[in-house]
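Going line by line, the protein sequences match chains W and V.
Quick note, in full-length UniProt numbering, the first sequence goes up one by one and the last residue is 417.
Quick note, in full-length UniProt numbering, the second sequence goes up one by one and the last residue is 417.
Worth flagging that the hints you see were computed from the coordinates, not collected in a lab.
No residue lacks a Cβ here, since even glycine has one placed at the ideal position from N, Cα and C.
Watch out, some of these pointers could steer you wrong.
Claimed, not checked - Heads up, simulated EDC-like pairs for lysine to aspartate or glutamate below, C-alpha to C-alpha not over 16 Å straight-line:
1. Lys186(V) <-> Glu307(V)
2. Lys186(W) <-> Glu213(V)
3. Lys186(W) <-> Glu212(W)
4. Lys186(V) <-> Glu212(V)
5. Lys186(W) <-> Glu212(V)
6. Lys186(V) <-> Glu213(W)
7. Lys186(W) <-> Glu166(W)
8. Lys186(V) <-> Glu166(V)
9. Lys186(V) <-> Glu212(W)
10. Lys186(W) <-> Glu5(W)
Claimed, not checked - Computed Cβ-Cβ distance ranges for the label pairs, DEER-style:
11. Asn70(W) <-> Thr19(V): 44 to 52 Å
12. Thr16(W) <-> Gly296(V): 49 to 57 Å
13. Arg208(V) <-> Arg182(W): 20 to 28 Å
14. Thr19(V) <-> Ala49(W): 42 to 50 Å
15. Lys186(W) <-> Gln205(V): 19 to 27 Å
Below are the chains, spelled out letter by letter.
There are 2 protein chains.
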Amino acid sequence: MSVQEQGRRAKAAAATIATATRATKDAALRAMADALVRRAPEVLAANEADVTAGRDAGMSAALLDRLALNTYRIEGMAGGLRQVAGLPDPVGEVVRGSTLPNGLVLRQVRVPLGVVGIVYEARPNVTADAAGLCLKAGNAVLLRGSSSAERSNAAIVGVLRDALSETGLPADAVQLVEASSRETVKQLMRARGLVDVLIPRGGAQLIRSVVEESTVPVIETGVGNCHIYVDAAADLDMALEILLNAKTSRPSVCNAAESLLVHRAVAEPFLARALPALRDAGVTVHGDADVVEAGGRRGVPVLEATEEDFGAEYLSLDLSVAVVGSLDAAIGHIARFGTGHSEAIVTGSVEAAQEFTTRVDAAAVLVNASTRFTDGEEFGFGAEIGISTQKLHARGPMGLSELTSTKYVVLGTGHVR
Amino acid sequence: MSVQEQGRRAKAAAATIATATRATKDAALRAMADALVRRAPEVLAANEADVTAGRDAGMSAALLDRLALNTYRIEGMAGGLRQVAGLPDPVGEVVRGSTLPNGLVLRQVRVPLGVVGIVYEARPNVTADAAGLCLKAGNAVLLRGSSSAERSNAAIVGVLRDALSETGLPADAVQLVEASSRETVKQLMRARGLVDVLIPRGGAQLIRSVVEESTVPVIETGVGNCHIYVDAAADLDMALEILLNAKTSRPSVCNAAESLLVHRAVAEPFLARALPALRDAGVTVHGDADVVEAGGRRGVPVLEATEEDFGAEYLSLDLSVAVVGSLDAAIGHIARFGTGHSEAIVTGSVEAAQEFTTRVDAAAVLVNASTRFTDGEEFGFGAEIGISTQKLHARGPMGLSELTSTKYVVLGTGHVR
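Okay, chain W solo, but in the shape it has when bound (with noise of 0.2 Å):
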């Protein structure tokens, strides 16, 4: 079926899903959990082929273990559906309301987006995750993951579609784009008027190549060069905690940190401690020609950091260092080469803080926290459908009211203006 048909499905679909009782949509969210669990052994036989595939094709370690299903986490599919649906529904809160001087009575209401298209990357997760959540906020979904999933992804949107249908809701709330041709994403990014928003989720270039194709409103997710700078004011042992805390406990994520700033006032102190630590913890440095120095003198090795390597997100044990002369310079920095993301100060100075939060132009900012904080189960919002970095619509982490619009309804007695 052409991506257009699939569009089209979708939209008639919507039509059903945004005015569905949260009843509904929760029956249908446990029905689509009970559903994965008792049909596990489909969906891991399809996995295990994907898993084969890839494995001939000679996909790396790390890709194989993102592409890999086993019942722990298809029973984590499961919860995450469940905890979705105990949620609060998003659809018909109020987000603002008055009676206008002339009487007219005036409600914004929340509402759902229409149809959302996700493309997304290896994990097979996201698929049930991603439906769960656009399901709950009264939406429809287009589903485009990677080939390398397609088995695994076909098989668990087969489930979800089929409880859909048990609930009494359309199945073309959930659909699968084929994975198979870069030509669907296209048409995913042509198919104006049946999409109402694409999120790509996954490695720069695709997010880059989506932002500037498209014709349907995109929002921007998840390239993430997070920098911890340490403050002239610093704790040093804080400082070093968050740093290795950020950098080290989950480097394959947008909020690990990609790039160290140290001021000059505490470069010497700092630095003898965090190379070696950095070094023992199997980090990588790129240092200007200070940390290369420092580095020398403790025998740490360090490699010279080039432009490239102050605007990388490694997603990897590699960090750029550089020492800067002020706080200013470290903002100027961060303005230059950050991506929005997130962005860490530690420092026990309430102007240094204040300064940072409020020049500093990203998504989050952390005072005296780790950069991994950034994240809507964190946040406290129960899920997240990925941590948007552009300034329209929704910034940070998205959890379901960034799923929905809102519409103003008026009501008059006759009012004419």
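Using the hints, position chain V against chain W.
Only chain V this time, still in chain W's reference frame:
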């Protein structure tokens, strides 16, 4: 100067404007208002040259009227700036905040968008209005007006920039983009990384081309094929009054009605009154077969409506009219031909009102009120930059809040995850 270079200057200015206090911004707005009044002769002389050139080029009387300034209109622009100075500052507003279970203090704070690009047509008052709203919301603005108003716009922007400088704010927060070629609109659309959002205000064609080609995020505004649906349970006196108001009070604006749908059960009595009343008001009716026949019976000429008529935003004293068999058919017609701007039902039935407001997908859905009420000032927002007909970021009249984004500020005490 190239648009790129203007964008760079705007971005630099935006960093200053973003952190300016409300007192400073309001002082600048008042200085801008005073300067416009004081230097009115300059502005009027430039406008006179535009008007003369327009008349020589055969511009229509309606367009010449939109283009022409006079002392009264300049006072109006100054009044608009003073009104914006009186509005609360959206920047810094805490949208939500809580202390997370782990003790992290989370705040979502309103921040400026950065650099706003506005592409608009003849009316020079938009120049001052848009500059004022963007400044108050902490943004720099690139204004790309029409070439027919270029002298007027240059004079106004010159006055505003001087007032900014006198207040100690960077003049580059307000810049006029050259209007001599379409190329500058394209450059604005491609100024990703410099321009944060582009707002096209104007005809459907301009908006379509910006939406199709822009890599900068766009907020669509204003195309309004607005419907009045007269339900079976309508008070026909009320319906006629609302129809005439929505169609004739100001036919050239986006919230004017362009299409009338009448339930078959009341078509005969309603059209018997509406068709002559519309004729008397100078309205040309484009009707379906039922309406043509009803016109024939009453001796009121009705043109045969085509598909194009039902999709048209006339912006003139024309109206498409169709008879529908049910509320469901009316909702289906609106889903097919509407532009998601403002849709009104006239009904005495709670059920019909409920179904219409729930199922019709538009920025504003009105019950027993004229579509003309969809307006930032009417809604109590103080002023508006346009009316968004898209679902992302802002939908409906956009006031100061809609010219902002948000940022999460997270305060910890050494938190790691």
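Evaluation of the provided hints:
1. Lys186(V) <-> Glu307(V): Roughly 32 Å between the alpha carbons, so the hint for Lys186(V) and Glu307(V) is violated.
2. Lys186(W) <-> Glu213(V): The given pair, whose Cα atoms are some 15 Å apart, holds under the 16 Å limit.
3. Lys186(W) <-> Glu212(W): With a Cα-Cα distance of about 11 Å, the restraint between Lys186(W) and Glu212(W) holds, given a limit of 16 Å.
4. Lys186(V) <-> Glu212(V): 11 Å, holds
5. Lys186(W) <-> Glu212(V): Status holds; Cα separation ~14 Å.
6. Lys186(V) <-> Glu213(W): Holds. Lys186(V) to Glu213(W) sits at ~15 Å (cutoff 16 Å).
7. Lys186(W) <-> Glu166(W): At roughly 33 Å apart (the allowed maximum being 16 Å), Glu166(W) and Lys186(W) break the hint.
8. Lys186(V) <-> Glu166(V): 33 Å, violated
9. Lys186(V) <-> Glu212(W): 14 Å, holds
10. Lys186(W) <-> Glu5(W): 14 Å, holds
11. Asn70(W) <-> Thr19(V): 44 to 52 Å: 51 Å, holds
12. Thr16(W) <-> Gly296(V): 49 to 57 Å: Given about 41 Å between the Cβ atoms, the range is violated.
13. Arg208(V) <-> Arg182(W): 20 to 28 Å: 26 Å, holds
14. Thr19(V) <-> Ala49(W): 42 to 50 Å: Given about 56 Å between the Cβ atoms, the range is violated.
15. Lys186(W) <-> Gln205(V): 19 to 27 Å: Between Lys186(W) and Gln205(V), where Cβ atoms are some 25 Å apart, the hint holds.
Hint compliance for this structure: hints 1, 7, 8, 12 and 14 are broken, all remaining hints hold.
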